[in-house]
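S.K.: Quick mapping for you: the protein sequence lines, in order, are chains A and B. Heads up, the first sequence is in this note's numbering, so the first residue is 1 and it goes up one at a time. Heads up, the second sequence is in this note's numbering, so the first residue is 364 and it goes up one at a time.
Read the hints as simulated data drawn from the structure, not as lab findings. A portion of the hints provided could be inaccurate.
[Unchecked claim] Think about it this way: if two alpha-carbon atoms lie no more than 16 angstroms apart in a straight line, the pair counts; the simulated EDC-like pairs of lysine to aspartate or glutamate are:
no. : chain 1 : residue 1 : chain 2 : residue 2
1   : A       : K100      : B       : E581
2   : B       : K540      : B       : E511
3   : A       : K100      : B       : D770
[As the list claims (entries may be wrong)] These stretches of chain A come out as covered by chain B in the derived footprint (C-beta under 8 angstroms, 3 or more residues):
no. : segment
4   : 44-52
5   : 191-204
6   : 217-231
7   : 311-325
A quick note: this is a predicted structure, and the numbers were derived from the prediction, not measured. Note that the Cβ used here is the ideal one computed from N, Cα and C, for glycine as well.
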Amino acid sequence: MATKTSLTQSNISGWGFALPAFALMVTFIILPFFFALWFSLTNQRLISPNPAKFIGLTNYTELLSVGTILLEPERDAQGDIVRTDDGDIKYPRLRNFTRKNPDYPAIQGMQEWFSWQTGPNNEFKRVILAKDVVFMRALKNTFVFVLVVAPLQAGLALGLALLINQKLRGINIYRAIYFMPVVVSIVVVAFLWRLIYDGNNGLLNNLLGAMSFGWFEPVDWLGQTSTAMGSIIAMSIWQAVGFHMVIWLSGLQTISPTLYEAADLEGASKWQTFRYVTWPGLRNTAVLVLIVITMQAFGLFAQVDVMTNGGPLDSTQTIVFQAIERGYGKQDISGGSAISVLLFLIVLSISLLQRYLTRERHS
Amino acid sequence: MKHLRLTAGALLVSTALSSVANAATELAMWYHGAGNEVESAIVNQIIEDFNASQSDYTIALESFPQGAYNDAVQAAALAGNLPDIIDVDGPVMPGWAWAGYIAPLPIDEAEFADFLPGTKGIWNGTMYSIGLWDAAVALYARQSTLTELGLRTPTLDNPWTKDEFMAALDAAKASGKYEYALDLGTAWTGEWFPYAFSPFLQSFGGDMIDRSSYTTAEGALNGDAALAFGQWWQNLFTGGYAQATQDGADRDTGFNTGKYAFSWNGNWAAIGTLENVDDVVFLPAPDLGNGSVIGAASWQFGVTTASKHPEGAAAFIKFATQDKYLAAFSDGIGLIPSTATAAAMTKNYSSGGALEVFYGLSEGQALVRPVTPGYAVVAKVFEKALADIANGADVADTLDAAVDEIDADIAKNGGYGN
Chain A
1 MATKTSLTQS NISGWGFALP AFALMVTFII LPFFFALWFS LTNQRLISPN PAKFIGLTNY
61 TELLSVGTIL LEPERDAQGD IVRTDDGDIK YPRLRNFTRK NPDYPAIQGM QEWFSWQTGP
121 NNEFKRVILA KDVVFMRALK NTFVFVLVVA PLQAGLALGL ALLINQKLRG INIYRAIYFM
181 PVVVSIVVVA FLWRLIYDGN NGLLNNLLGA MSFGWFEPVD WLGQTSTAMG SIIAMSIWQA
241 VGFHMVIWLS GLQTISPTLY EAADLEGASK WQTFRYVTWP GLRNTAVLVL IVITMQAFGL
301 FAQVDVMTNG GPLDSTQTIV FQAIERGYGK QDISGGSAIS VLLFLIVLSI SLLQRYLTRE
361 RHS
Chain B
364 MKHLRLTAGA LLVSTALSSV ANAATELAMW YHGAGNEVES AIVNQIIEDF NASQSDYTIA
424 LESFPQGAYN DAVQAAALAG NLPDIIDVDG PVMPGWAWAG YIAPLPIDEA EFADFLPGTK
484 GIWNGTMYSI GLWDAAVALY ARQSTLTELG LRTPTLDNPW TKDEFMAALD AAKASGKYEY
544 ALDLGTAWTG EWFPYAFSPF LQSFGGDMID RSSYTTAEGA LNGDAALAFG QWWQNLFTGG
604 YAQATQDGAD RDTGFNTGKY AFSWNGNWAA IGTLENVDDV VFLPAPDLGN GSVIGAASWQ
664 FGVTTASKHP EGAAAFIKFA TQDKYLAAFS DGIGLIPSTA TAAAMTKNYS SGGALEVFYG
724 LSEGQALVRP VTPGYAVVAK VFEKALADIA NGADVADTLD AAVDEIDADI AKNGGYGN
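Just chain A, with the same shape it has in the complex (with noise of 0.2 angstroms):
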């Protein structure tokens, strides 16, 4: 290895350099992480008088507890089910087992997180509850919103990369134009798109009845759980899809013309030159590209706070959003940042994951 240089006999000016840069990370990144990683275990608070005290793992279990219950239908005097108005079987309230019950002690103060029929003619109700519904479904939404946008936005910067990687005059205008959304505060671009997304007038809902000459009703994007989701998904492709765009570009501008000479010689069909010359060539990017969008997904935060608040009915929570909101919003340090830590854990596998699944393979 002709690296050995390297670390051990660098010189002082280059640690001098680094040095302004390791001191900030180390007080503004890391030792902050070791803070939450001790404050989770205790139940330390934003503004107490009182001491914070170790209390283990307690912050943890409160957030990842989950329990079940089968619910059995409610029967009358002659031991029939009983229906609601609209024909659906009648079930007991939860709050009768999940509230001060003796009976069942393991799901007291859980609620209902998802269930689904079961039994003989789907007559019982198996409930899965948690203790904390809420970070549940901020769990949910979060990985969601990585499932979409890690796909999406990576394959539309490429698209764009493609589109723009050409000798054209004028390009960089265009380049330019793609980039923007990226150098504008996530603040600002989403109190635009709340204005965009707005139910009554706002931009989205005028545009779409002027293309269907009134044809189309508006729609309250931020307002109804079925939109809401989706609408911070598509806003915050576009915000994004400039800034790897560029880093698809850096990448294709490193694949030598040659090739490209070459397979133009031998033939070869757009499609092809993409496949085998192209695609290989950006293995490196893409897996760059992967794993950062995957942790910038992660962090989703501005967006929410912004636009939803996490509603409608927590259909847009986010781990980052709850982990604030507990944090701060409720003083509770403690669990904000047993959040945190799940979420460091979180990312940190799936990384690992993405990097073992792409590692060179020398066959």
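With chain A held as given, fit chain B onto it using these hints.
M.R.: What follows is chain B alone, placed relative to chain A:
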């Protein structure tokens, strides 16, 4: 390094010199109103007057933007750098008192006997802060609307009952002239929810927390009265009377432009509405079964535990709570002055003034938000519960969950010293 020490030394000497030259003790004061020119001018005037009125103390003011103020105080408390005098938002006061940021006010309570109840920051029987003003909420309507729909004009002594209120909303809705009958201001997320909407719950006979013990919300927030409130609240939205998600611009101008028949809004918006709507009337909150209630308590002054001269700080607060300054704040930024004598000196709240009704509301209907250090969490939980119910969540389950969260938080904090 040597250079640094030299500078520090020079700094030390120069401060020592300046304090020798100036015999009066300097007291630091923090205020939340940076960026508001009128407000700053009044505060500066009071300080100038106080500094000139005696020779023992001089007040040095530092103003913060409201959005950053609470964070600044918390950070200063953690770092041990609190000034002598701070101002504190009413519902936040118990938290700061509990955490040991502010000390009991070293002024006899009897001095403030004629102050509006909402302006006094009293926690656990001890007075910690005093406000120069209060705020109040009223139901904005047009006299023409009332006449057209054939509605009785409610008064402070004889407010609308729940049935009358709902009949008014029905009539407004049926008239087809308004996009929505009622503008509740759901666009204003945050403290507006507990401040403006918990009075409805209290008017039903429930509350955000059991005020007899302050150790549980069980029964108060999920009892029969609270369930009835929840159903009523949900019906406002599912029944098409109000919007669960509202555009901020609609909140600001919707009533003025005739989009809404009624608007639930504070006295701070009244001046603007008066300019735009000639026949606006400010109606008292409806009596939903247990009396009419509106929220109370705004920013108040207190002395910190870090102050080495609490008697000086107290002298300033006493000086600032003179009627002429209460009136100056009211005329300057439209707030409700804390005393009737000050109100008589103002242009809006004196007898016959455009906003006189708000003083009566503050005096007659106001109920402070739960006075407990746990309020920060109560407020957040309450806001989310109301937003969820408005969006169609099951009322009983949502309120139960809210009670559980509030109770768990109180338990975690050892009862918050109540």
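S.K.: Give a verdict on every hint.
M.R.: Hints, verified against the model:
1. A/K100 / B/E581: Between A/K100 and B/E581 the Cα gap is close to 11 angstroms, so the pair holds against 16 angstroms.
2. B/K540 / B/E511: Measuring from Cα to Cα gives roughly 11 angstroms; hence the hint holds.
3. A/K100 / B/D770: 13 angstroms, holds
4. 44-52: Check passed, 6 qualifying residues.
5. 191-204: holds (count 3)
6. 217-231: It holds: at least three residues are needed, and the segment 217-231 of chain A offers 4 whose Cβ sits within less than 8 angstroms of chain B.
7. 311-325: holds (count 5)
The structure is consistent with each of the numbered hints, conforming to all of them.
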